[in-house]
Each structure stands twice: as structure tokens, then as C-alpha cells.
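Residue numbers (my numbering), protein chains in the order written: chain A, 13 to 139; chain B, -6 to 123; chain C, 150 to 251.
Keep in mind that a hint or two might mislead.
Unchecked claim - Some, not all, of what chain A presents toward chain C, calculated at C-beta under 8 angstroms:
{"no.": "1", "residue": "I28"}
{"no.": "2", "residue": "D62"}
{"no.": "3", "residue": "S110"}
{"no.": "4", "residue": "D113"}
{"no.": "5", "residue": "L114"}
{"no.": "6", "residue": "I130"}
{"no.": "7", "residue": "Q133"}
{"no.": "8", "residue": "F139"}
Everything labelled a hint here was simulated from the structure, so no lab data went into it. From a predicted model like this one, the values you see are computed outputs, not experimental measurements. Beta carbons: idealized from backbone N, C-alpha and C, even for Gly.
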Amino acid sequence: MEEEYAGGVEKKFIYINRRAPHGTVYALESLETVLIGAAFDQDVSMLFIDDGVYQLKKDQSTDSIEFKNFSKAFRALEMYDVEKLFVEAESLQERGLSEDDLLVDVELVKRGEVKDLIDQQDVVLSF
Amino acid sequence: MKFSILVNEGPYQHQASDSAYQFAKAALESGHEVQRVFFYHDGVNNGTNLTTPPQDDRHIQKRWSEMAESNKVDLVLCVAACQRRGIVDEGERDRNKKDATNVADGFRISGLGQLIEAAIESDRLVTFGD
Amino acid sequence: MSTLNIVNKSPFEKRSLDQCLSRIGSDDAVLLIEDAVVVAMAGTRYESDLKSAAAAKKLYVLTPDVEARGLADKPVVEGFTQVDYKGFVALVTEHDRVHSWL
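Please build the complete structure, drawing on both the sequences and the hints.
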């Protein structure tokens, strides 16, 4: 159900993900929105902070809970021209994780840099 | 200013859809435009016309429908969220071979693109959720 | 460029207020709504934290949600400004974007 948008306006969108996957539907729906939104040719960034960093953990295996393993779709984001994936370093560190635990290449930002990143945006989407 | 609103939670369970309604009402009363309210996740349950809340309680769906009618607010229910939760309009009924419809007046079912479009066209997007 | 941050959870239950405050700047504002309003009242264990936050940032609390919870008889923490829904709308117009810390 892709929709074309011919409005000619380009805004800067940031999707802020702060929740772990699977326990609630929000992580999956955020990714769905990014994928649908790609058709609108907007400037898109994704930021993973707090428990949101778990969305990017590699080796997720959801067969036993009969959920779709949507984490694989993060690897496809490049094909949708969504290339700006930011992860807060402190959020990883607090959870005993490092960049090596993630399933895609990301850009690490420090907690003190999050405000600067958000200040560049027109629209913040959080679910 | 032109606002759009995102509602992520269903009625009666969480305050989010009430907060969204009170915000929309205040925005209209302040002379602003509310272009669209997009209902996502359990938020689509705001748009069923099969609810019968007790008489001494607020009627959340009716309030939205009345706002849509008197202020031309576009109330959009996310199609994928509706399909998962049994919110059905005539098109969905025919497509998925169901035997009833339950989309309330003033609401329409459409895609997530409507959320992105609203964010592009509005001056501000305000999200209410859990 | 400034952001209106909305928090709706009590810090006695969830950490979103802290998570918000640790990442915003002095030109940003925080509006407490729904269950988050409980922490705007003086006398909680978070009062001193919020007083220092209010010295650096603009903090607002939604009065209808305070009244609904029976807390209008308590003084608000020094530095908080009370707003109604129209005040909420005005805050949205005064900032460049809105971020709900869900």
C-alpha cells in the first residue's frame, strides 16, 4: 500500500526508538512507518536510545514465540535510502552491549549530543 | 497554525485518546486548524461505532465524530492496525469477506502514508500514547 | 531551536522523566501530563531534583490532570508553571517541534 507524495516538501524526520522489541508492538510499528514513509522522499534518521537499542541486537530468534523476526528488516533500510541510524553510546554501555552486538552499522552518539541531533529535525515520531 | 495529532492507544484503557481530544478541542478553540488525527496501534479502537459506554461516562467515539463533522477534522484509522483488530469499513468488508462494518461516522480507514503526509503538511505533529 | 518535551509517566513507576531531562538543553521545555503530574507537587522525594532542573529549563504541568488527581491542594515545585489545555496548545506553537517521551 505505497502512496506517492508529490507535494515537493522535504522535511527532516527523526524516529526515536526507546522500547525493546516484542514486549509491545511499538518497535515493529515504528519500523513499518519508516518503510512506508520512505516513499515520500523525506530526510529520515532513526535514533535508538534507552531500551530501543535492543531492537538492533543481532541473533534475535522469534520462532518459539511465533512472532515475525522484523529485526532482519533493519538490514534492508539502506535499500530504502534510510542510512542514518544513530545509537546512543551510553544506552549500549548501561546494558552491557557494544557496537559488535548490533546487526547493522550505526553511528554512535553521546548522550550530550542527542539534543543537537533533535534540534536539526522538523518532526519527531515516537510510538 | 496547522496541527496533526497521532493517537497510539485505545479509548477507556489509557488517558491518551482523552488527552488528544482535549488538546484538539483547545487547539480549535484557540483558532488553530486540526488537519488530521491519525489513529495507530490500539488507537484504531477509537473509531468503532459498536461501543456503548455507560450513560454517565463520556462517549469517546461520538466526541471524535462530532469534532470531525463540525470542524472538518480528518480522522484516519491505520488500515493494517484495523485489519488486525477488526475495525472494518465497506471496502475492507468486501476485500476480506467479512459480514459487517463498524467504522464510525467521520472516520476513514487508510494507510500509514496519511501519517507521514500529515507530518509533512502540518506545522506541528503532537503524539499521545502510552 | 527548541523542543517541547511531553512526559506522561510518574517517576515512581517509569523512568521517562529522568531519561528526558538527561538529554535536553536549557532552551527546551518539559510539560508533565497524565500520571506525570504527580511529581510537580512539592514534598515528593524528587522535589530537589526538579528544583534544580527548573533552574536550567522551563518546566510546565497540565492543571486539569493535577486537579483530576486531587493534587490541586498542594503547592507546585518552585519553578513550575501551570497551564491548561489552551496553554498546552500555546506551548506547542512556541517550540519548533514536539517530542513525546512514550
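So, going through the hints one by one against the coordinates:
1. The restraint placing I28(A) at the interface with chain C holds, with a minimum CB-CB distance near 7 angstroms, inside the 8 angstroms limit.
2. With a least beta-carbon distance of about 6 angstroms to chain C, the hint placing D62(A) at the interface is held under the 8 angstroms criterion.
3. Checking S110(A) against chain C by beta carbon gives a least distance of about 21 angstroms; that is not within 8 angstroms, so the hint is violated.
4. Violation of the interface hint for D113(A) is found here, the shortest Cβ-Cβ separation to chain C being roughly 21 angstroms, above the 8 angstroms cut-off.
5. This hint is violated: L114(A) has a C-beta 20 angstroms from the nearest C-beta of chain C, more than the 8 angstroms allowed.
6. Annotation: interface hint on I130(A) holds; nearest CB of chain C at approximately 6 angstroms, less than 8 angstroms.
7. Nearest Cβ of chain C to the Cβ of Q133(A): about 6 angstroms, under the 8 angstroms cut. The hint holds.
8. Because the closest C-beta pair between F139(A) and chain C is about 6 angstroms apart, less than 8 angstroms, the hint holds.
Hint compliance for this structure: hints 3, 4, 5 are broken, all remaining hints hold.
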